[in-house]
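Chemist: Sequence:
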Amino acid sequence: MGKKNRRKRRSTSQEAASERSSFSSPRSSEPASGNNNSNNKSNPKKKRQKNAPKAQQAAVTVSTQRGTSEANNTTNAFHDKLQTFLTDTLTADERRHFFSNAHVPPERRAELWAHQAEIGQEWINRYAWAVPNDDCWAILKHFGPLVEIGCGANAYWCRQMTGRGIDVIGYDQCVQQGGRIDDKKKEQQKKHKDSHDESGEDFVVQQGGPEVLTKHPDRTLFLCYPDENDHTDDDENGGEAPNAQPSGKANNTDEENDEDGEPMSLAQACLQHYTGQYLIHVGELYGDTLSVPQAPWGRSSSPMFQQQLAADFHCVLRLPLQPGWLHVRDTLTVWKRSELCTLVFASSDDEGDNDKEEDDDGDDEEVQYRYIPPEEQLPQSFAAPYLAHLLTQETRHGEN
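Note that the numbering used here has the sequence shown beginning at 3, numbered continuously upward.
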């Protein structure tokens, strides 16, 4: 419903390409810094792990040891390590103003960027693409039970939730290597340093994609960086490798193609199969990214997914995920399916025509609008801190 009058905008390689260079060793010692020239940037190539062999098992059990947290026996190692890196390696001024030439000299920024790239790739392969914090768990528990599509071989968010008593099941189309960056130089490290030796509970990663959502209409859909590997960097092709077949794509079948016959992203295909009421997205979304090549859609989910999400759902909660990588603005957002109201506008030729057959489409036009109850609407008035004084207290608090 609601697709008849929806105009689609095609994604471009600039909009959808993921910023792989951020988590691989830079070719040069300095990223883009001194000016706004888009050609002056570090953009090393990175390839994604393709789908595992068909003979792989349908499910993989992720075995972990219990942590020592007093609250729930589960440690959030990814969060703790990133927090330590940010506080021990950078000053508070460098963290707040990393991309400001006035605050961080280009040489220093290049040094920090290279350090983050080195640990970033290792930690993504070991944990996840986004870092959960302590504020996430109450939200995720409130909207449980959940089902994650594209949970990755590590299933880090799923294991963290399971260790905290949150009901979640996780699927991935590539249960052995899903969500990991393919780097032959670190293959040996990957074998010896795996996420399965840290906090959490035993968790079974089930093999499956968006099609399994028809079996779970009662669960909240959870997506964490669902389309992060839709594209791989290729300098010779404008940042996109058009012939790549990354594991994040939905199966290329008629059922998983859009109206133009183009393959859907994993996240967009999820929306085609999911009939539940709530969806939780982790990553960057429209208008909230620091990366110029990836603006305005961000680095986590495809443009077409975000357009359909905004048409069929409305956002009821938004939580910035801190700490986070220096160049990323990840959020945890909760979306509720919107109630639709259809208005039918009769054509002028049909006015007064009582003999029109019911099965004749005629020229009537149907337009759909969403109904969002007042208690489910996010505040519409907000301002940056230096302009907050221009809004009244009532306006800042979203009062009408």
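Hints listed in this document are in silico derivations from the structure and should not be mistaken for laboratory results.
Heads up, a few of these hints could be off.
To be verified - Dumping the calculated BS3-like pairs for lysine-lysine here, alpha-carbon to alpha-carbon at most 27 Å:
{"#": "1", "residue 1": "K217", "residue 2": "K338"}
{"#": "2", "residue 1": "K143", "residue 2": "K217"}
{"#": "3", "residue 1": "K217", "residue 2": "K83"}
{"#": "4", "residue 1": "K83", "residue 2": "K143"}
These numbers were taken from a predicted model, which means no experiment stands behind them.
Chemist: Keeping to a limit of 27 Å between CA atoms, is the pair of K217 and K338 held or broken?
Modeler: Holds, at about 19 Å.
Chemist: CA of K217 to CA of K83, is that 27 Å or under?
Modeler: violated, 37 Å
Chemist: Straight-line Cα separation of K143 and K217 no greater than 27 Å?
Modeler: Satisfied, since the Cα-Cα distance of roughly 21 Å is no more than 27 Å.
Chemist: Given the proposed pairing of K83 with K143, does the C-alpha separation stay at or below 27 Å?
Modeler: holds, 24 Å
In summary, the one numbered hint that this structure violates is 3.
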